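Based on these hints, arrange chain B on the given structure of chain A.
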Amino acid sequence: MKRTTNMKRVTKFPSVPVLVLSVLLVALSGLAGCGSKDTPVSAGEEAAKTLRVGVITVSDEPFDPALVNLDYVEQIQPLYDSLLNVDENGNYTPGLAEEWSLSEDRLTYTLKLREGVKFHDGSVLTSEDVKFTLEYYISDTSRQADAVLLKRFIASIDTPDAQTAVIHFTAPCTEFNYLLSEGSTGSGIIIPKAYFEKVGAEAFAQDPVGTGPFKLESFAAGDKIVYAANEDYWQGAPAYDKLILRQITDESTRIAELQAGNIDFAPIGAANASIFENSEDIVIETVDYSSSLAVFISGGYQDTGKATQNAGIRLALSAAIDRDALVDGIFEGQAKAAGAYGVFPFTPGYETERSVPAHDPEKAKALLAEANYPDAFEDPVVTLYDAPGRVYSTEVAQAIAGDWESVGIQVEIVSIDPITLGTEYTTNPANESFAGAAYLFDPPRKYSLHDAFGPFFPSNSYFGLIQGDDVLDKDVEALLSQNDAERATTVVEILDRIDASGVSIPLVYPSTNYAVSSKVKSWDSTVAAHYGNWFYHFELN
Amino acid sequence: MKYAVKKLVQSAVILFFVSIVIFLAVRASGDPLQSLLDPRASDAQRAALSAKLGLDKPLIVQYGIFVFDALRGDLGNSHSSGRPVLEIIGEKLPGTVVLSIMALLIAILFTLLLGTLAAVKKNRAADRIVAVLSALGQSFPVFFVGIIAVQLLGVKLRIFPISGADTPLHYVLPGVLLGLCVSSSMALVLRNNLLAELESDHVKFARLRGLNERSVLFRHALRNSFSTVLSLSAFIFANLITGSIVIESVFAWPGIGELSYQAIMKRDFPLVQGIVLIFAILIVSLSLLTDILHAALDPRIRLGKEEMQ
Numbered sequence: 004m005k006r007t008t009n010m011k012r013v014t015k016f017p018s019v020p021v022l023v024l025s026v027l028l029v030a031l032s033g034l035a036g037c038g039s040k041d042t043p044v045s046a047g048e049e050a051a052k053t054l055r056v057g058v059i060t061v062s063d064e065p066f067d068p069a070l071v072n073l074d075y076v077e078q079i080q081p082l083y084d085s086l087l088n089v090d091e092n093g094n095y096t097p098g099l100a101e102e103w104s105l106s107e108d109r110l111t112y113t114l115k116l117r118e119g120v121k122f123h124d125g126s127v128l129t130s131e132d133v134k135f136t137l138e139y140y141i142s143d144t145s146r147q148a149d150a151v152l153l154k155r156f157i158a159s160i161d162t163p164d165a166q167t168a169v170i171h172f173t174a175p176c177t178e179f180n181y182l183l184s185e186g187s188t189g190s191g192i193i194i195p196k197a198y199f200e201k202v203g204a205e206a207f208a209q210d211p212v213g214t215g216p217f218k219l220e221s222f223a224a225g226d227k228i229v230y231a232a233n234e235d236y237w238q239g240a241p242a243y244d245k246l247i248l249r250q251i252t253d254e255s256t257r258i259a260e261l262q263a264g265n266i267d268f269a270p271i272g273a274a275n276a277s278i279f280e281n282s283e284d285i286v287i288e289t290v291d292y293s294s295s296l297a298v299f300i301s302g303g304y305q306d307t308g309k310a311t312q313n314a315g316i317r318l319a320l321s322a323a324i325d326r327d328a329l330v331d332g333i334f335e336g337q338a339k340a341a342g343a344y345g346v347f348p349f350t351p352g353y354e355t356e357r358s359v360p361a362h363d364p365e366k367a368k369a370l371l372a373e374a375n376y377p378d379a380f381e382d383p384v385v386t387l388y389d390a391p392g393r394v395y396s397t398e399v400a401q402a403i404a405g406d407w408e409s410v411g412i413q414v415e416i417v418s419i420d421p422i423t424l425g426t427e428y429t430t431n432p433a434n435e436s437f438a439g440a441a442y443l444f445d446p447p448r449k450y451s452l453h454d455a456f457g458p459f460f461p462s463n464s465y466f467g468l469i470q471g472d473d474v475l476d477k478d479v480e481a482l483l484s485q486n487d488a489e490r491a492t493t494v495v496e497i498l499d500r501i502d503a504s505g506v507s508i509p510l511v512y513p514s515t516n517y518a519v520s521s522k523v524k525s526w527d528s529t530v531a532a533h534y535g536n537w538f539y540h541f542e543l544n
Numbered sequence: 011m012k013y014a015v016k017k018l019v020q021s022a023v024i025l026f027f028v029s030i031v032i033f034l035a036v037r038a039s040g041d042p043l044q045s046l047l048d049p050r051a052s053d054a055q056r057a058a059l060s061a062k063l064g065l066d067k068p069l070i071v072q073y074g075i076f077v078f079d080a081l082r083g084d085l086g087n088s089h090s091s092g093r094p095v096l097e098i099i100g101e102k103l104p105g106t107v108v109l110s111i112m113a114l115l116i117a118i119l120f121t122l123l124l125g126t127l128a129a130v131k132k133n134r135a136a137d138r139i140v141a142v143l144s145a146l147g148q149s150f151p152v153f154f155v156g157i158i159a160v161q162l163l164g165v166k167l168r169i170f171p172i173s174g175a176d177t178p179l180h181y182v183l184p185g186v187l188l189g190l191c192v193s194s195s196m197a198l199v200l201r202n203n204l205l206a207e208l209e210s211d212h213v214k215f216a217r218l219r220g221l222n223e224r225s226v227l228f229r230h231a232l233r234n235s236f237s238t239v240l241s242l243s244a245f246i247f248a249n250l251i252t253g254s255i256v257i258e259s260v261f262a263w264p265g266i267g268e269l270s271y272q273a274i275m276k277r278d279f280p281l282v283q284g285i286v287l288i289f290a291i292l293i294v295s296l297s298l299l300t301d302i303l304h305a306a307l308d309p310r311i312r313l314g315k316e317e318m319q
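In order, the protein sequence lines correspond to chains A and B.
The first sequence: position 285 = 288 (the numbering used here), numbered continuously.
The second sequence: position 224 = 234 (the numbering used here), numbered continuously.
Calculated directly from the structure, the hints in this document are not laboratory data.
Predicted model only: the values in this text are computed from it and were never measured.
There may be inaccurate statements among the hints.
What the hints assert, rightly or not - Partner residues aside, some chain A positions facing chain B, computed with beta carbon under 10 Å: (1) Gln147; (2) Thr252; (3) Asp253; (4) Tyr428.
Unchecked claim - Computed footprint of chain A on chain B; a stretch qualifies when at least three of its residues, placed anywhere within it, have a C-beta under 8 Å from a C-beta of chain A: (5) 36-44; (6) 48-60; (7) 84-96; (8) 157-169; (9) 273-286.
Note that CB positions come from ideal geometry on N, CA and C, so glycine has one too.
With the rest of the complex left out, here is chain A (with noise of 0.2 Å):
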């Protein structure tokens, strides 16, 4: 009986979902037929003198330099111009100030603003910009990454005339190059004194105006930022018409999108460069000295127990380090092993040459022999803190944890997000959890060498690897109001002695791969690139 009535289910049923099903197939194939001419992007991006960008993040942030975070710079360059640029080899060149001078005490540097400059609104740029600019860097209300060195060194600023800035120091100083560049954390960048106070910080934050090539257009937070060509620039009008930045987070999406001609230029892993080896429109281009990839120890200073507090032991573990292995395997030749942290090929004291730490697993274990590792130790375990603010950073993290394995180091890597990081390690002295973990960091190349070495002394620093070292602490300073000369001679001593503690391990120095689709005619991928408004330096096809 059942049976028969199964049978009957079945011989009446199947035309309803089959119909439906139709149905909604046609719906789907019409939709797709009827926009798959210009599916891809809406008309007014397609523009051809349109520049589109894929980027990891379009963040939720002010477009006001003394607010926006300091990640996100970027995203707001394209409206704003520094006071000075910075060239290819480092060296500072004009800027929205046509000469600058730093007086021979050191205690007063002056700046010579160049005709003609017109913000977004109109205006003209004057001194009283500059003025009220660094004063509102300096002043409570302000997230300046640079705040605290601006505020410590500036004790006034006159403006005798309407081109001239003349800033007096409470000290000798000669980091206001770098400060007033395009080169720092944004602290170089003019905002005009009049609109500002016109709107309103809250306003000003939403309709940013500038001197910079770009204006902005629109922006969606998570989605993308458009910005529109200033055609008054001082320097001439950009060569397209727009920019747009679409946030497109996964590296898979953005390859798709490189390979169905939606954007132009995008940041793309080592891993993934080969799948364009092939590609007619698509190249990718290497930018070299990205950033400093180093393995720092944290409260080495601390009696903790762990192992890691020896200096030997820390000898070690930057001897058990194959770089070159690094290089190759995980970064496929896009890095370069590095034998210092914190300077590069354009900073002064890098070229004394100093000389990679060799992969010596002999080495690495006489040292721990030396030391009497594990047994001496209460902890031997290194723990190695892996927060993954880069794409490489977990297979960095597992290779060098490899190589410290194979000489007999114990090692647990812990995942850790970046800003628990972040709290950890600029809690001083170090948690007890935390001190004595080994932790990557690789910051972006456009700190000053000042900014470099902040993380190892103690005077100004929350981070202090390296703590209770006079003689550090005093050339660290020194930088400050250093020359260039003297500086070279500066770095080389710090250098020696982060060496001798073996708080840092340097590790490489990653390079940048981008894809550049055929549209793009040309772009500055020198060094002097990522510094600024390098988008403005892009021309089209």
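Just chain B, lined up with the frame of chain A:
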């Protein structure tokens, strides 16, 4: 009415506990000043910002302000952008809700088709095919299927846009993909419910009354079994919204999932609190609505089992 009031009170209590948990949880997750200030910032800068954001006040005071403002419809301003939290959520939520509704409708359609087909063709080829498809749908990670769909339909065939949310067409790939993934599990639920219904006394009675098989299936068995799927739908819809982060990442979809991720990574307390609270209200409301609808459809729930007996 009494039942609805009871559920309403329960919902308010749940929201109250959610507000406490999220308030404490975000504060245990790290220091927001870490993402707002450079590590070299001075103590004075930290103190000034802390005071500006109200983080220097005792926890109980901060919680009081949060609840008092929330009751007035003010979820505060984002720490990082300074914009009102409601405005930020208002920009992102509609896109995610529309995407989720589309996914849910597709899921319901495919669930009905596949679940019913599998049930009426129990143990036959169609049933097995549906079982295999469901297993595949549940076992393949959604991002993996998404990447394949992007490569095939976006890059090779160029039928659909790959990422973004600019046009209605941008909804198709992520919506269909999400819908299919959800329907893979719902279809099996419907199949099993339907099979049980087809064996139940009231269906047997309907057949004995001489109703044709189509009426038995659609008017009696499917209607009853689908009510379970429908009640699941409310939670699936809530899950689609709250769990949309993977699909939003694959399709660079500027929605609430991506916003949540950024807010958590930056320890943006007001934004995280606001998102969780809105989600909680959404889920609690859906749950309340489902309960009330269920009670309206099924007297056993409304009146209680004892009264029925």
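Consistency of the hints with the structure:
Of the supplied interface hints, the one on A/Gln147 holds, with its beta-carbon coming within about 8 Å of a beta-carbon of chain B, less than 10 Å. Interface hint status for A/Thr252: upheld, as the beta-carbon distance to the closest one in chain B is roughly 6 Å, under 10 Å. Because the smallest distance between the Cβ of A/Asp253 and any Cβ of chain B comes to about 5 Å, under 10 Å, the interface hint for this residue holds. Checking A/Tyr428 against chain B by beta carbon gives a least distance of about 8 Å; that is within 10 Å, so the hint holds.
A count of 4 residues in the segment 36-44 of chain B with a Cβ less than 8 Å from any Cβ of chain A is obtained; the coverage claim is therefore met, three being the minimum. Check result for the segment 48-60 of chain B against chain A: holds, 9 residues qualifying (beta carbon to beta carbon below 8 Å, three or more required). With 5 residues having a Cβ less than 8 Å from any Cβ of chain A, the segment 84-96 of chain B passes the three-residue criterion, so the hint holds. Only when three residues or more bring their CB closer than 8 Å to a CB of chain A does the claim for the segment 157-169 of chain B stand; here the count is 7, and the claim holds.
Counting residues of the segment 273-286 of chain B whose beta-carbon sits less than 8 Å from any beta-carbon of chain A gives 3, enough to reach three: the coverage restraint holds.
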